[in-house]
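Those sequence lines, one after another, are chains G and V. The first sequence begins at 1 in the numbering used here and counts up by one. The second sequence begins at 1 in the numbering used here and counts up by one.
Please note that a few of the clues may not be correct.
[Said to hold, decoys possible] Straight-line Cα separation of at most 27 Å, BS3-like style, residue types lysine-lysine; simulated pairs:
#1 V/139 to V/99
#2 V/121 to V/63
#3 G/39 to V/216
#4 V/139 to V/78
#5 G/29 to V/216
#6 V/63 to V/99
Hints were generated in silico from the structure; no laboratory data involved.
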Amino acid sequence: MARLPNAFSDLDRFVDEWVLADSSSRAAKRQESDYADIKEFYDAMLALAPDALRYLSTKQLGELDEAEERLLKLLLSLAELGPAVEWYQQAQVIDGFPAARFPIIRQLSDNVPQE
Amino acid sequence: MSAQLSSADLTLRYPELGTGPVPTDIYWQPEFYERELDAIFRRAWLCLGRVEEIPEPGDYLVKEIQTFDMSILVVKGKDAEIRAFHNVCQHRGNHVELKPNGNCQVFRCPFHGWAYGLDGKLAGVPDAEAFYDLRREEKGLLPIHLDIWEGFIFINLSEQPDATLEEFLGEHGRDLVGYPFHLGTSTFEYQGVVKCNWKCMVDSFCETYHVPVLHKNSVTDTLAGPNNPFGRLIDVRLKGPHRTSSVVGNMSYQPNPVQGLAFQYAPGPSITSGNIDESVTLPKGLNETRADNWSLDSTVFFPNLIMVIGSGMYFTHQMWPLGPNEVVWQMRGYLRAASNAAQRFGQENSLVELRDAVLEDGNTLERIQRSLNQGLIKEFIFHDHELALRHHYHTVIEWVERYESVR
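Next up, chain G with everything else stripped away, as it sits in the complex (with noise of 0.2 Å):
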């Protein structure tokens, strides 16, 4: 069984890194992960996000498959990413208060349907 929708396969070799349960996992694994390692997953998906982004917008929450979820919690991943590449070049807030010291205590749900 394919582990993301056939058109983004070429995703596939991130799936057991970037496929994380929830906002504070993927807060963590941002601290803890090598910059050229959050690079190279962000180039990645930022060539493939438009389509990604496109196709799930036809979707609800609650609703994907397996795949599908796996796709869109990459993209999760992505948006935890997003600033680690965008402002500040690293992992970390440059001078930033620990995130461990700030950590989130309330999340989204990734797959519950929001109203």
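With chain G's structure known, arrange chain V on it following the hints.
Frame of chain G; chain V shown alone:
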């Protein structure tokens, strides 16, 4: 396009505040902190959350007010009324409800099983006959004054509030009525403890003079930008103890690649996008000068709540002091609901950018506090566009002196 900025002196509009330096003792002295607790935090109306958090009868929240080491139960009754009580069993003082939220018909103390109705009345006492003088009507949960403004739940810890919530919010509250707060149903929250005075933290979110420097890597281009090199504000308005700063947006901002995709798929315009949701009619108190380069208002509900409101989303900072130089910092985001799966990506960008941008503020606050604690900065001099900070100083002094003069 030239930025629409206030050219007149903002501070001179309020001659009672003066223009001189203010002493810094109130930002670190333990003795003054104790006075603030009595005069301000035990007297003012304090926000605890939103009505959407407890939509059904029997829904409840347990809120820990760390400033007073106090546990408060907020519950929606069978009559749909929302009430607040001290979460304290009137038998021996154990906490009645231990979960942070849920739904129930009756609160049962996990110590000896005393039971309380949703209205706080004592509803059941196991083996009641064995008590000598049990007067049930006197043993209900201790009520706390509660009122609601635009869906926000406020409490007041005094025995008899000096003013109703409506009176307390006054013109400030009236001028913000009508903003679609209820659309911000997709919520998230961050929480941490910062080693700084609560007032310094409030202040750091009320001026943008620091934005071009401290936030140069992140939001400078969106909130200050080339037309506003010194991070000037559009306007500052003071209403009673409350205050609002109107912040510039860069309408010609060119987003970064991922950010741009996120803006495209956000359920409402992101607060830093330079885009405005034209379908939202702003109430009088937001972007009050109706500037065409507005992005957001940072509006302080005295003493400890800041709402940062844009046309398509809003978020709040709330500060609960733990001491003169330590504060619990809660940041809650209120985003519009995602109407498709791709908009979840736009939402994630909003919360990540917001978090990263405010992480840039934290270390500075702790360094300022160290300098204050060491007595190395005896006075603050305020820029004209730091008017909100000057007003904050004077408001705190006024509240403490007024309370102590009538005591």
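Hints versus structure:
1. V/139 to V/99: Satisfied, since the Cα-Cα distance of roughly 22 Å is no more than 27 Å.
2. V/121 to V/63: 20 Å, holds
3. G/39 to V/216: Holds - the C-alpha atoms of residue 216 of chain V and residue 39 of chain G are around 21 Å apart, at most 27 Å.
4. V/139 to V/78: 20 Å, holds
5. G/29 to V/216: 25 Å, holds
6. V/63 to V/99: 10 Å, holds
In summary, this structure violates none of the numbered hints.
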